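If you read the protein sequences in the order shown, they are chains A and B. The first sequence begins at 0 in numbering that gives the first Met the number 0 and counts up one residue at a time. The second sequence begins at 0 in numbering that gives the first Met the number 0 and counts up one residue at a time.
Hint data in this document are derived by calculation from the structure and do not stem from the laboratory. If you're wondering where the values come from, they're calculated on a predicted model, not measured in any experiment. Any given hint could turn out to be false.
Identical copies look the same in the list; a pair holds intra-copy or inter-copy alike.
Unchecked claim - SDA-like mimics (lysine to any residue), calculated; alpha carbons at most 20 Å apart, straight line:
id: 1; residue 1: Lys-23; residue 2: Thr-125
id: 2; residue 1: Lys-119; residue 2: Asp-28
id: 3; residue 1: Lys-294; residue 2: Ser-51
id: 4; residue 1: Lys-168; residue 2: Gly-251
id: 5; residue 1: Lys-227; residue 2: Asn-206
id: 6; residue 1: Lys-23; residue 2: Asn-123
id: 7; residue 1: Lys-168; residue 2: Pro-8
id: 8; residue 1: Lys-23; residue 2: Asn-2
id: 9; residue 1: Lys-15; residue 2: Leu-1
id: 10; residue 1: Lys-294; residue 2: Tyr-203
id: 11; residue 1: Lys-378; residue 2: Thr-364
id: 12; residue 1: Lys-227; residue 2: Pro-204
id: 13; residue 1: Lys-168; residue 2: Arg-10
id: 14; residue 1: Lys-23; residue 2: Asp-4
id: 15; residue 1: Lys-119; residue 2: Arg-319
id: 16; residue 1: Lys-168; residue 2: Tyr-6
id: 17; residue 1: Lys-23; residue 2: Pro-8
id: 18; residue 1: Lys-152; residue 2: Ala-230
id: 19; residue 1: Lys-15; residue 2: Pro-258
id: 20; residue 1: Lys-355; residue 2: Phe-46
id: 21; residue 1: Lys-227; residue 2: Leu-311
Protein chains: 2
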Amino acid sequence: MLNFDFYNPTRILFGKGRIADLAKAVPADARVLVLYGGGSIKANGVFDEVMSGLAGRTVKEFSGIEPNPSYETLMQAVELVRRENLDFLLAVGGGSVIDGTKFVAAAAHFEGDPWEILEKRGRNITQALPFGTVLTLPATGSEMNNGSVVTRKSLQAKIPFSSNLVFPKFSILDPAKTYTLPLRQVGNGVVDAYAHVMEQYLTYPVNSPVQDRFAEGLLLTLIEEGPKVLANPDDYDTRANIMWCATLALNGLIGAGVPQDWATHMVGHELTALYGLDHAQTLAIVLPSMLSVRKEGKRAKLLQYAARVWNLTDGSEDQRIDEAIRKTRDFFEQMGVKTRLTDYKLGTQNIDAILKHLESHRMVTLGEQRDVTLDVSRKVLEMSI
Amino acid sequence: MLNFDFYNPTRILFGKGRIADLAKAVPADARVLVLYGGGSIKANGVFDEVMSGLAGRTVKEFSGIEPNPSYETLMQAVELVRRENLDFLLAVGGGSVIDGTKFVAAAAHFEGDPWEILEKRGRNITQALPFGTVLTLPATGSEMNNGSVVTRKSLQAKIPFSSNLVFPKFSILDPAKTYTLPLRQVGNGVVDAYAHVMEQYLTYPVNSPVQDRFAEGLLLTLIEEGPKVLANPDDYDTRANIMWCATLALNGLIGAGVPQDWATHMVGHELTALYGLDHAQTLAIVLPSMLSVRKEGKRAKLLQYAARVWNLTDGSEDQRIDEAIRKTRDFFEQMGVKTRLTDYKLGTQNIDAILKHLESHRMVTLGEQRDVTLDVSRKVLEMSI
Numbered sequence: 000m001l002n003f004d005f006y007n008p009t010r011i012l013f014g015k016g017r018i019a020d021l022a023k024a025v026p027a028d029a030r031v032l033v034l035y036g037g038g039s040i041k042a043n044g045v046f047d048e049v050m051s052g053l054a055g056r057t058v059k060e061f062s063g064i065e066p067n068p069s070y071e072t073l074m075q076a077v078e079l080v081r082r083e084n085l086d087f088l089l090a091v092g093g094g095s096v097i098d099g100t101k102f103v104a105a106a107a108h109f110e111g112d113p114w115e116i117l118e119k120r121g122r123n124i125t126q127a128l129p130f131g132t133v134l135t136l137p138a139t140g141s142e143m144n145n146g147s148v149v150t151r152k153s154l155q156a157k158i159p160f161s162s163n164l165v166f167p168k169f170s171i172l173d174p175a176k177t178y179t180l181p182l183r184q185v186g187n188g189v190v191d192a193y194a195h196v197m198e199q200y201l202t203y204p205v206n207s208p209v210q211d212r213f214a215e216g217l218l219l220t221l222i223e224e225g226p227k228v229l230a231n232p233d234d235y236d237t238r239a240n241i242m243w244c245a246t247l248a249l250n251g252l253i254g255a256g257v258p259q260d261w262a263t264h265m266v267g268h269e270l271t272a273l274y275g276l277d278h279a280q281t282l283a284i285v286l287p288s289m290l291s292v293r294k295e296g297k298r299a300k301l302l303q304y305a306a307r308v309w310n311l312t313d314g315s316e317d318q319r320i321d322e323a324i325r326k327t328r329d330f331f332e333q334m335g336v337k338t339r340l341t342d343y344k345l346g347t348q349n350i351d352a353i354l355k356h357l358e359s360h361r362m363v364t365l366g367e368q369r370d371v372t373l374d375v376s377r378k379v380l381e382m383s384i
Numbered sequence: 000m001l002n003f004d005f006y007n008p009t010r011i012l013f014g015k016g017r018i019a020d021l022a023k024a025v026p027a028d029a030r031v032l033v034l035y036g037g038g039s040i041k042a043n044g045v046f047d048e049v050m051s052g053l054a055g056r057t058v059k060e061f062s063g064i065e066p067n068p069s070y071e072t073l074m075q076a077v078e079l080v081r082r083e084n085l086d087f088l089l090a091v092g093g094g095s096v097i098d099g100t101k102f103v104a105a106a107a108h109f110e111g112d113p114w115e116i117l118e119k120r121g122r123n124i125t126q127a128l129p130f131g132t133v134l135t136l137p138a139t140g141s142e143m144n145n146g147s148v149v150t151r152k153s154l155q156a157k158i159p160f161s162s163n164l165v166f167p168k169f170s171i172l173d174p175a176k177t178y179t180l181p182l183r184q185v186g187n188g189v190v191d192a193y194a195h196v197m198e199q200y201l202t203y204p205v206n207s208p209v210q211d212r213f214a215e216g217l218l219l220t221l222i223e224e225g226p227k228v229l230a231n232p233d234d235y236d237t238r239a240n241i242m243w244c245a246t247l248a249l250n251g252l253i254g255a256g257v258p259q260d261w262a263t264h265m266v267g268h269e270l271t272a273l274y275g276l277d278h279a280q281t282l283a284i285v286l287p288s289m290l291s292v293r294k295e296g297k298r299a300k301l302l303q304y305a306a307r308v309w310n311l312t313d314g315s316e317d318q319r320i321d322e323a324i325r326k327t328r329d330f331f332e333q334m335g336v337k338t339r340l341t342d343y344k345l346g347t348q349n350i351d352a353i354l355k356h357l358e359s360h361r362m363v364t365l366g367e368q369r370d371v372t373l374d375v376s377r378k379v380l381e382m383s384i
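Kindly generate the complete structure, drawing on both the sequences and the hints.
Structure representation (structure tokens):
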């Protein structure tokens, strides 16, 4: 096992009816900004429950945080916080709204140009407004971690930052509030969580049986529960299990003490920044090819993955590995997320542009062994056509 | 899945050489009390490393915290804290030292008689001194939770209390510092962690596949790594895996959203309070019988445990369950912890006294279904002879 630090102070309030707990979780004298995306929370009743929970407090709203939240949009929220002297933020939505709220929290009283927060990847954050979240879309894990990704449209760049100052104070996870999600978002969420686990699990062995088994437990559960949620969208337990999987997939626990990859995410970010694909779509495209191209470096873990997650123990090593990767791809497709560049009208003609963006973002030695050069990324993209 | 809250703000600093991180983790102007048990930390170098990490700070010592830390001893530490105006505590040791330090932290500036903290089970704690831990004995999980058990010798009572104010600020877990532990303590630690998992796992199904798989992952790892540590006490990875298992066994995670039992612990506490048995010894005695006596209420989970942890899938349900319980008992014995009352020179003649103590502590409806009456506890004890 590798040395590690683990720290995660976010309070999770999980279950039916928990939005009412806002009344206790948000300070009674708070001046609150509620941030959200489109209007779905107004259609499905979440917004009303939130307002009821915040009763008695000064509450302002900021809507329109888009998928892959943009610096340009978020700076409008920062202005609102400053103008109205608000002191508590509440993100109501999925990973994009929460990521965006983290940026607003850090930028509100940042001394200097808030753009520097992204340039320095968050290392220069010295304070942030406190904030909570009401999660409506299980996927990114942002509700229980200290990371965020913000897009600067003008630069076609998705830029991650992190700071222990942007852990949510609390996150409310009510699985019943996810019944009305479009199935595309449900499938995306399952694929996103699955890919998060794989980035932390599918590397090389360091004798970490607990981390491995926790990761495998999440993968097995997503494989079991994912198809169930498509078949029975209103089943509470299925929703609950997927929601808790997605949170645990990226709250720091399964990655503590083990190598981590993240090359799939870095290549995927460029696909979103350049062509506007959903985050999960990019992962579904890149991950299977990434595993195939890097089969040698990941051989031991791929065999473990094949055996323990897909129950593949017969045949040659290469047969088992290839079959496990094929099953991974099939699972993503089963969740409604296409896994080929051509499914999104992209192909060979786009690869140079993607690589150029990777290079300009200094993503030239990715992966747990820092051996994913631009040549390797090219092979991955070529295999993803 | 049941509704749940999860909150755990303790920072974990895990790995080789981490005691040096005390220099960053403890405030530079802190007036520190270092609390420990016997002299082992002076013999194995841990004490010197701790003092080196605390260099530049005012540091006082309090030694002699015994296994099953007593109110009587701890109140002496409280007096020292008050007299010397100390403002930061550092527990260096195992669960007893850490549990004791939690009490000292809460009692130091408690308004009223600190005994009331135990009488109210911690609900009346409104502030506590900040403290960290350097863990030298993986077992209880106290290094990453908000619970503590204190013994009042004069009453022959072990009393638990908890409060979110007594989470350690940080805990340093260096597996290399456990090489010199006596094997009895190593075996006790593995059994203790195993029993913690079982109290949260072996109840009845609530459709919580992630929690189940995490619990099973811990059990499987303890079963694999336990015998290895007895055979190769100086193997770093084995020590590391056991240490991380023990922490995760009782940090709130695997118990979130599922029913919990704890009847074995409650009966075990009386055995320690009355006869001075090691905590893990009492669990090894009580747990197998507890599972046998309550086979009907726990049938579904016992079958899952038999299949997934012990790979028992042939034979009748009862055969599989009985075999799983037998293997559990054998594992405890393999770890050097005897599992029969008679191994400790106790027997039928002691059962009435144990039941009387349970009754006096209002432990008359224990377990996840509150159906472990004194009659059930009697059967468990009779089967434990």
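Do the hints match the structure? See the list:
no.	hint	result
1	Lys-23 <-> Thr-125	between (27 Å within a copy, 17 Å between copies)
2	Lys-119 <-> Asp-28	neither (33 Å within a copy, 30 Å between copies)
3	Lys-294 <-> Ser-51	neither (53 Å within a copy, 46 Å between copies)
4	Lys-168 <-> Gly-251	both (16 Å within a copy, 18 Å between copies)
5	Lys-227 <-> Asn-206	between (33 Å within a copy, 13 Å between copies)
6	Lys-23 <-> Asn-123	between (32 Å within a copy, 19 Å between copies)
7	Lys-168 <-> Pro-8	both (7 Å within a copy, 11 Å between copies)
8	Lys-23 <-> Asn-2	between (37 Å within a copy, 17 Å between copies)
9	Lys-15 <-> Leu-1	between (38 Å within a copy, 9 Å between copies)
10	Lys-294 <-> Tyr-203	within (11 Å within a copy, 41 Å between copies)
11	Lys-378 <-> Thr-364	within (14 Å within a copy, 64 Å between copies)
12	Lys-227 <-> Pro-204	between (32 Å within a copy, 18 Å between copies)
13	Lys-168 <-> Arg-10	both (6 Å within a copy, 16 Å between copies)
14	Lys-23 <-> Asp-4	between (31 Å within a copy, 13 Å between copies)
15	Lys-119 <-> Arg-319	neither (42 Å within a copy, 58 Å between copies)
16	Lys-168 <-> Tyr-6	both (13 Å within a copy, 10 Å between copies)
17	Lys-23 <-> Pro-8	both (17 Å within a copy, 19 Å between copies)
18	Lys-152 <-> Ala-230	neither (37 Å within a copy, 59 Å between copies)
19	Lys-15 <-> Pro-258	between (36 Å within a copy, 17 Å between copies)
20	Lys-355 <-> Phe-46	neither (42 Å within a copy, 55 Å between copies)
21	Lys-227 <-> Leu-311	neither (23 Å within a copy, 28 Å between copies)
When each numbered hint is compared with the structure, violations occur for hints 2, 3, 15, 18, 20 and 21.
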